[in-house]
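These protein sequences, in sequence, are chains A and B. The opening residue of the first sequence carries number 0 in numbering that gives the first Met the number 0; numbering runs sequentially from there. The opening residue of the second sequence carries number 0 in numbering that gives the first Met the number 0; numbering runs sequentially from there.
Hints listed in this document are in silico derivations from the structure and should not be mistaken for laboratory results. Check each hint, because a few of them may be wrong.
Claimed, not checked - Which residues of chain A face chain B? A partial, calculated answer using Cβ under 10 Å:
hint	residue
1	14
2	98
3	228
4	298
Cβ coordinates follow ideal geometry from the N, Cα and C atoms, glycine included.
Listed here are the chains, written in short residue letters.
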Amino acid sequence: MRNPSTGVLGLQETAQLIASLFHQERSIAPQEPDEEHNLPEGVTINPDISPQNLREAKESRKFKLITAIDGGSSTLLKSAGFQVGVARAASVTYENLKLTDSVTTPEWIIPSGEGIPIDTLKRLSDVIEIEIDPDPVWKGQTDKCRQILEFALMNDSLKQTPNPDFILIDGSLKPPDSVNPDLFNNCLRKAHRNGIVIMGVSKSSSLLWSENCPLISKFTQMLREKNKGGIWYLRISDLVKGYSPDAHLIDIYLVNLYNGLAPALRLDIPSIYRKEADQIISGLGAVSIDPEFPGYPYPLAAAHRKTRILPPRKTQLAQSIKDMVISLGIDKQILHSAFSDYHDILNADVPAEFLAIENDIF
Amino acid sequence: MSNLPEYKGRIIGRSISEIFIRSHPDANLVMGEILTAGDSNILYFLRVVDILYGFEAGNPSWALNLAGAMMEMESAERGFQLFDKEQRNFEVGKCVILGFTRDGEFKRAKSLPPLFSQASVPTIEQFSFIKKYAGDITVGKLRSGDEVLDFRVGMGKNFIPSHTGIFATTGMGKSNLMKCLASSVMESDGVGMLIFDPHGEYIDGGEEKKKGLVNHPCSYSKLTVFSHRNLSHTHSKLRLNHREINIEDLILLFDFSQAQLEAAYALYNRYGADWLKQLDELSIDEITEEISSSKFHETTISVLQRRAKQIFSQKTFHKDEKVSVTKKIIKELKLGNVVLIDLSGLSGWRELLPAAAIARQILDSYHNEFRNPGSFKTLPNVTIVLEEAQRVLGQLTGTKENIFSRICREGRKFKVGLTAITQQPKLIDEEILSQFNTLFILGLADERDRNILRSLARQDIRELTREIQMLQPGEALISSPQTPFAIPAIIDLYEEYISTQNADNIKSKNEIPSPDEGFF
Numbered sequence: 000m001r002n003p004s005t006g007v008l009g010l011q012e013t014a015q016l017i018a019s020l021f022h023q024e025r026s027i028a029p030q031e032p033d034e035e036h037n038l039p040e041g042v043t044i045n046p047d048i049s050p051q052n053l054r055e056a057k058e059s060r061k062f063k064l065i066t067a068i069d070g071g072s073s074t075l076l077k078s079a080g081f082q083v084g085v086a087r088a089a090s091v092t093y094e095n096l097k098l099t100d101s102v103t104t105p106e107w108i109i110p111s112g113e114g115i116p117i118d119t120l121k122r123l124s125d126v127i128e129i130e131i132d133p134d135p136v137w138k139g140q141t142d143k144c145r146q147i148l149e150f151a152l153m154n155d156s157l158k159q160t161p162n163p164d165f166i167l168i169d170g171s172l173k174p175p176d177s178v179n180p181d182l183f184n185n186c187l188r189k190a191h192r193n194g195i196v197i198m199g200v201s202k203s204s205s206l207l208w209s210e211n212c213p214l215i216s217k218f219t220q221m222l223r224e225k226n227k228g229g230i231w232y233l234r235i236s237d238l239v240k241g242y243s244p245d246a247h248l249i250d251i252y253l254v255n256l257y258n259g260l261a262p263a264l265r266l267d268i269p270s271i272y273r274k275e276a277d278q279i280i281s282g283l284g285a286v287s288i289d290p291e292f293p294g295y296p297y298p299l300a301a302a303h304r305k306t307r308i309l310p311p312r313k314t315q316l317a318q319s320i321k322d323m324v325i326s327l328g329i330d331k332q333i334l335h336s337a338f339s340d341y342h343d344i345l346n347a348d349v350p351a352e353f354l355a356i357e358n359d360i361f
Numbered sequence: 000m001s002n003l004p005e006y007k008g009r010i011i012g013r014s015i016s017e018i019f020i021r022s023h024p025d026a027n028l029v030m031g032e033i034l035t036a037g038d039s040n041i042l043y044f045l046r047v048v049d050i051l052y053g054f055e056a057g058n059p060s061w062a063l064n065l066a067g068a069m070m071e072m073e074s075a076e077r078g079f080q081l082f083d084k085e086q087r088n089f090e091v092g093k094c095v096i097l098g099f100t101r102d103g104e105f106k107r108a109k110s111l112p113p114l115f116s117q118a119s120v121p122t123i124e125q126f127s128f129i130k131k132y133a134g135d136i137t138v139g140k141l142r143s144g145d146e147v148l149d150f151r152v153g154m155g156k157n158f159i160p161s162h163t164g165i166f167a168t169t170g171m172g173k174s175n176l177m178k179c180l181a182s183s184v185m186e187s188d189g190v191g192m193l194i195f196d197p198h199g200e201y202i203d204g205g206e207e208k209k210k211g212l213v214n215h216p217c218s219y220s221k222l223t224v225f226s227h228r229n230l231s232h233t234h235s236k237l238r239l240n241h242r243e244i245n246i247e248d249l250i251l252l253f254d255f256s257q258a259q260l261e262a263a264y265a266l267y268n269r270y271g272a273d274w275l276k277q278l279d280e281l282s283i284d285e286i287t288e289e290i291s292s293s294k295f296h297e298t299t300i301s302v303l304q305r306r307a308k309q310i311f312s313q314k315t316f317h318k319d320e321k322v323s324v325t326k327k328i329i330k331e332l333k334l335g336n337v338v339l340i341d342l343s344g345l346s347g348w349r350e351l352l353p354a355a356a357i358a359r360q361i362l363d364s365y366h367n368e369f370r371n372p373g374s375f376k377t378l379p380n381v382t383i384v385l386e387e388a389q390r391v392l393g394q395l396t397g398t399k400e401n402i403f404s405r406i407c408r409e410g411r412k413f414k415v416g417l418t419a420i421t422q423q424p425k426l427i428d429e430e431i432l433s434q435f436n437t438l439f440i441l442g443l444a445d446e447r448d449r450n451i452l453r454s455l456a457r458q459d460i461r462e463l464t465r466e467i468q469m470l471q472p473g474e475a476l477i478s479s480p481q482t483p484f485a486i487p488a489i490i491d492l493y494e495e496y497i498s499t500q501n502a503d504n505i506k507s508k509n510e511i512p513s514p515d516e517g518f519f
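All chains should be modelled from the sequences, with the hints used to inform the complete structure.
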């Protein structure tokens, strides 16, 4: 470098660029059902999204029993071509805003790697008694297991007596990988028959307004311009031509459950409830008034806290695995060489809580 | 209190000097309450000495942020709802280990109860070890926090000569406690109690709806009242003669110059016990003449004489040596009775002079008996109750040593104790204060008073200053050599107490096992 210099370069330009993104016009083609954006079958994103379509959820209906399901997964050990993850899921049930039931699955340790025979999904299938398709792709096994565990808990929740009014799932409402979509769709149909509304609540969304502007930001911008409190929503999906509302087809909404205090969320609700969206969203708003999580359904926050796998637990589990490997005759140094990362030494001076930010805590 | 342990929380840390408990969602911790932890083999007893807010959040600003969010949400239309409140915020009790029981024996703890042990309210049976330390002069019931338990507590007769302090701010129940103490003495044998009553509140309660010692069912046989004024109750006139007044007594009450003191001693040397009478009756010239070898100035003698005349202007003091009630007082005390001396309406030296003269003669009498071990052994312990004790037990230097401070220093050997009542223990000489072995601590508002007591109590009550501050009227901590820890008590309301007393239950109340003196 001919002109070595300290300082930061490009700050101003970057800031200007980001600011300009929020002024972009709607320029994106209709987004079809796809993996990347978690768009379920039969759903397309409406290209015509405007502030005129914003609705305020005012119709109050009381929902007594709410179950929320979330999963947690994390990587415990990682080496070139091989890794070990952990996954679990939890469900919590609130009756009249009081916790009445809580279930947490065991922690599943999931080894995976190219060419390594993986039988975790099969073992999982045996335990949860749900048929799981064999999955030859080793990458993402841990997340797949997490999704399956969440699905298993959703399936169990349908058998709850009395039936919950809502089942809230963290994330979009779509079949987990490795699970036959029919199984998932049948769950949604069964839920509808039993008067249960299953909803997916996503804290983040990759849907776009323009090529570079997140749709959720545009929604927030529209709300800011309205400058009003309350619960607001915007249906951003349409059913693909030829589909009609059904229990297994999904509508996607952007919602703000505590306008002014909370970020917007993506909400997936079976399209069969399209006419009741107002009541359902306002019912969801009624459990989104905890001061620690304003605008986020508290039962989901509680489920998240039950299932998240924090760094101390990860360290504990990783160490247990290492100890067992050593007890099987593998030299400690050799084992260490497989899973160590010199970053650990370089960052040894940094408190663990700062490093935790880099870790994937779902 | 039921017989089933009430689950209060679990131990979460942290050392043998301070145990922390996370409260159960359904439980409230109460300052001063006693909890148990451990198992049936070793049961630890813990006392809650502080209560803190607790929350699971790792972020120390959690509560701060949440309070801000609550206020923001309040100002919005929809308000807020704190879900899972009991799980997310709770109480953390800071406790001290009082000791543990094993096979019914209470011992000081040198080990920790297991982490995460359940902390529970003790059952009646688990508390039964307290009976052993309850004392035979009882004044109320054992208290755990706000809960009153059916165990009577007080102090041991044996500790009467080791001096007792009753410390409380006005309105916290000093007088009521004193009446309960006196009534318990009347109900027991083997203790004499002399009460100087400067406010006339102990005889009949002093005001409407209040009761006094004369209302106690045992008062007929166990209480003797003396007064300088006419009372509607049976009493004797308080009379002392000139021979009963010592220079030492006067030093306590009057400021003397060195010359005046020397003149007083010269008079004593010349006239012996009649010195005060002579001082009153002779002229200045005659006195000067009689003690001419010392060459005192007339003014010096004149000051002394003026004081002598002031003393004899009081009906209480006579120059006829046959007139005295002191012998009768001492006799009653040696019979194990309560003697009440009403000094109401008197103030300053007029009140304290009879008290000092009588107290001195009691000490002298017991001192004389001490030379005869046979008869001394049969004498009951006696305590002299002094209100506003800081007046005579303040910072003592040189000649300010007086009969009450002497009793504090020497009385224990001769079975004579002092019961000092004060609102301001901080004003009492520290060395004197350290002589008080049994303390009845009621609510004390002044931090300096609480701090001074921390260093005195035999048990470590350093951690109890907050509890002392929070004591309600009638609530007390009793610290005594016989008790393994400062016993929390609720003092009987005297009026209620005597309304339930009759000869039968007084008898049964006295059937308390004697304390294990050798334990500590």
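> Can you list which hints this structure breaks, lowest number first?
Replying inline: 1
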